[in-house]
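Protein chains in written order, with the working numbering: chain L, 1 to 303; chain Z, 1 to 291.
By construction, these hints were calculated from the structure, which means they are not laboratory data. Just so we're clear, the structure is a prediction, and the values are computed from it rather than from any experiment. We put the CB at the ideal spot given by N, CA and C, even for glycine. The reader is advised that the hints may include incorrect statements.
Cβ pair distances, simulated, as ranges [as the list claims (entries may be wrong)]: (1) Leu-174/Z x Leu-76/L: 54 to 60 Å; (2) Leu-185/Z x Arg-300/L: 40 to 46 Å; (3) Leu-76/L x Asp-118/Z: 22 to 28 Å.
Each chain, written out:
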Amino acid sequence: MKKQLIIAALVLVVVGLVPLTSVSDYITGVLTMVCFYAVFAMSWDLLFGYAGEVNFGPSFLIGVGAYGAGLADADLGLPVAVCIAIGTLAAVLAGLLLAIPALRLRGPYFGLITLVAVLLLQDMIEIFADTTGGEIGLSVPDVLAVSAAVNFYYAFGLMVIAGAILLAVANSPFGLILQAAGQDPVEAQALGFNIVKFKVVAFAISAFFSGLAGAMLVFYLGTASVSAMVDVAVGIQVIIAAVLGGRRTIIGPVLGAAFLVGAGELLRPVGQMSGFIVAALALGVILLVPDGLLGALRGRLRA
Amino acid sequence: MLAVQILIDGFAISALYALGALGFTLIFGVSGVLNLAHGAILVTSAMVAWYVGTDSGGGAFTGAAAGVAAGVVTAFVTYGLVVRPIQRSKAIPGVERELFVLTGTLLWGVMIQILLADVFTTTPITVEQLVSGTIDIFGVRTAANEVFIAVVSWAVLGLLWLLVNRTPAGRRLLAASINPRALTLVGVELDHVHLLAWGIYGVIAGIAGVLLGSFLGTSSAYIPALTGTAFAIVVLGGLGSVSGTVIAAYVVGYLETLTAYLVSPSWRAVPALILLLAVLYFRPQGILGRR
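The following block holds chain L by itself, in its conformation from the complex (with noise of 0.2 Å):
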């Protein structure tokens, strides 16, 4: 474990500094993006590898965190630290409304409800294009930073600190317990921990990041958007990001991200069947390697 660590900062430590070379704005842009997947990837690894529950909603906790953002400054003009506060919160509240009856129960209810509420929050915006801008999308007048290199480092920033964070929940006890809530309920509850509330506080900490990964992307591309933030699609890549990477490992999804985003890049000239080739190597990699790429690493090293 502690040599991963090693590894892992050296090599953040690397990719940290790349901005500072002579790359071209593209490049810090690419890495950019692969930082936001990465907060995404990990919170959602958090629920599905820890706790368990597979949540087909990120995008429903990343558009939530978005749009409230958004609209707190287009339409109320608050300054950009507010706004992104205000779309996490958001997030956070919205997603604990919708997941506590689905989390007190067993079986496939979180996995509909997170499915139902992208669905839901979709429909709202179309409904709303008044104030949301609907299809086009919501542009939004302030910018993080000018600088692809200083909006890098936020997004950077957010990365390590989100990071930090959700392994430090994973490797502690409370990760344990989420591990056994996750892996055997009922011997769980046998030892006396009441599994709900766990469930809902690792749900809590996931839509927090989500949510304030989701706003920070708003005032970075200058605009909210239900293909970029809100679409299934865009919670299936999150999906795929994670388990690529591989589950339980927090820092595999940060791998499965950097992929998954570089993938992009480079299949963009076959157009729409890069979705497909990169959700068929995903779904490859569940039936042959469930533990995802870091998984095979790490079993590769023991043996």
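Based on these hints, arrange chain Z on the given structure of chain L.
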């Protein structure tokens, strides 16, 4: 007049919803699989029916037959390529299998969605109607196709009921949903039962897809919402309960029709989704579910 119109339209769409969600319930009941590629299978059938029947000029009936065949093939591929390997995988711990089936079928659905958009078209299409003309019902001019859809949907529901309750193969399906281990103990090969279930599922989904395509039109972009609707109806009715699914389909169908007529078509899906949330709060086992 509007009331009769809502009654008729709601009845047809609800019957179609019942048929659309039926396969989803069947597979869950028999093998515990929630197939999130369900919407993709429906739309595949509709797309193939449109391609063969309309785009290549094969005629409505040839198209419909091709569509149903496509549904069966896609169902078997889903089972053989995605569901069965996950269920058999030694690398996936038993408790996580359900999560992996959900995630795997979701990804598979995405792959189908992209493939359909690439091979056929991204613009919404309408499958040619098997019957044309209009019928006068209590003074409301109704498309004959709407009546046809309601009749076919109920006929398939009835046939499935007969199959499950009156034939040996159907009884095995029922037994597999109640106690699969005991079924293997009396010497029935569970694999055969599952293959049968996926075959029936493919036929039902194929018919539902073709009818859906001829009634509301379809597009690969509708796939997530279709899967969501089927999933919602099935949970609303109570997971694994066929009669619950039918009742829930009527609740959702009429809610949507009422909203579309009385409020606005863009609000159509909202009340049903909110009802679903309320049900999860107060009666998570659904209308007729077993706990």
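* Asked: Out of the numbered hints, which ones does the structure contradict?
  -> 3
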